[in-house]
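*Asks:* Heads up: the sequence shown begins at 0 in numbering that gives the first Met the number 0, then just goes up one per residue.
Please keep in mind that the hints were generated in silico from the structure rather than gathered at the bench. These figures come from a predicted structure and were not determined experimentally. Wrong hints could be hidden among the right ones.
As the list claims (entries may be wrong) - Cβ-Cβ distance ranges computed for the label pairs, FRET-style:
(1) Ala50 <-> Leu167: 27 to 33 Å
(2) Gly77 <-> Gly260: 46 to 52 Å
(3) Leu340 <-> Trp186: 22 to 28 Å
(4) Met0 <-> Lys60: 35 to 41 Å
Yeah, the Cβ is synthetic: ideal placement off N, Cα and C, and Gly gets one too.
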Amino acid sequence: MIDVLVAGGGPAGLATAIHAALAGLETVVVEPRAVPVDKACGEGLMPTGVAALAGLGIDPKIALPESRPFLGIRYVDGRHGVQAEFRDGTGLGVRRTALHAALALRAREAGVRVVSGRVAGVRAGDDAVHARVPPSGGVPDGLDLRARWLVAADGLHSPIRASLGLDLPAGGPRRYGLRRHYRVAPWTDFVEVHWAPGGEAYVTPVGDDLVGVAVLSGERRGYHEHLAAFPDLLARLDGPPATPVRGAGPLRQRVSRRVAGRVLLVGDAAGYVDALTGEGLSLALLSARALVGCLRAGRPEEYEAAWRRLSRRSRLLTATLLEARRHPPAARMIVPAARRLPVLFRAAVRSLA
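Based on the provided sequences and hints, a complete structural model is requested.
*Replies:* Structure follows, in structure tokens:
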């Protein structure tokens with residue numbers, strides 16, 4: 000019997016698998032896509048996320064040579080600007096594909112077995128979880144797997160989470176994200192968040208000649224239509240687009256709990272508020288470590304509290320900003336207020352980092 004079966008081989012699933020394997024647990028990851036996998040993502044790791052990579056045995060200077068450090072967060076709205084540096088360490092802008100490839104390599108080094116396919120037909124008992132991997136190119140005859148624990152790391156719209164009845168109505172406005180890259184040199188050592196009435200644009204330096212631009216909004220329209228709301232940013236993007244546009248959403252996903260018997264949820268599958276604060280990747284890596292720590296201690300039920308503790312500040316700040324977004328007068332005051340209260344803005348940035 001497998002110790003830990005991970006459904007989903009993205010960053011959250013691979014980080015969980017690496018921690019489990021390093022803890023001496025036999026671990027299998029089931030993932031239908033080939034490495035590396037790209038997706039709509041802000042691609043910024045907070046200092047805590049960079050430290051979490053080191054805990055996995057990944058040195059960014061060696062494993063992610065084309066990444067680029069950033070010093071903090073900068074808010075701009077066309078008239079005002081304010082920035083705050085991290086207090087302890089730097090963040091890291093890194094292509095999602097590069098991060099995924101580094102995690103996949105580390106998983107192989109740690110002895111994680113990867114099966115090409117998709118977990119379906121989950122059935123949990125008192126002492127094991129049974130999962131079916133239907134026939135596919137990777138497993139022509141299908142596969143039946145039995146594990147002590149199943150970790151669902153199958154993304155924002157997790158089929159496993161839905162099959163277990165753990166989804167809750169999201170409520171509130173639906174928001175979506177779009178991202179592409181431009182072949183231009185970064186003009187700042189900060190992640191820039193550009194604010195406009197209809198949404199936000201995140202600019203993350205991910206290389207010496209490459210920036211990622213992610214747009215978040217509740218309005219469904221084309222990427223270039225969104226960028227038109229940020230003329231100052233658009234003027235800087237004079238290099239050619241380097242990647243196609245990728246999208247994700249609706250972003251908000253409410254979950255009743257993250258532990259259901261012998262099934263645990265991690266990463267986006269564990270619930271998501273919004274990408275507004277850029278904490279998704281870092282939280283996924285930290286949660287993976289906490290999850291495996293609870294399994295090793297024989298107290299999986301404690302993972303729920305650990306996840307809530309790790310995500311509390313991010314959830315609170317994100318919810319506060321989203322509430323302000325719903326009221327145009329308050330939304331217009333976000334950047335000016337941060338500029339007038341730099342100590343508060345700096346404290347918020349550092350609390351997330």
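*Asks:* It remains to establish, for every hint, whether it holds in the given structure.
*Replies:* Comparing the hints with the structure gives:
1. Ala50 <-> Leu167: 27 to 33 Å: holds, 32 Å
2. Gly77 <-> Gly260: 46 to 52 Å: At 51 Å between Cβs, range holds.
3. Leu340 <-> Trp186: 22 to 28 Å: With Cβ atoms ~26 Å apart, the hint holds.
4. Met0 <-> Lys60: 35 to 41 Å: 39 Å Cβ-Cβ, so the 35 to 41 Å window holds.
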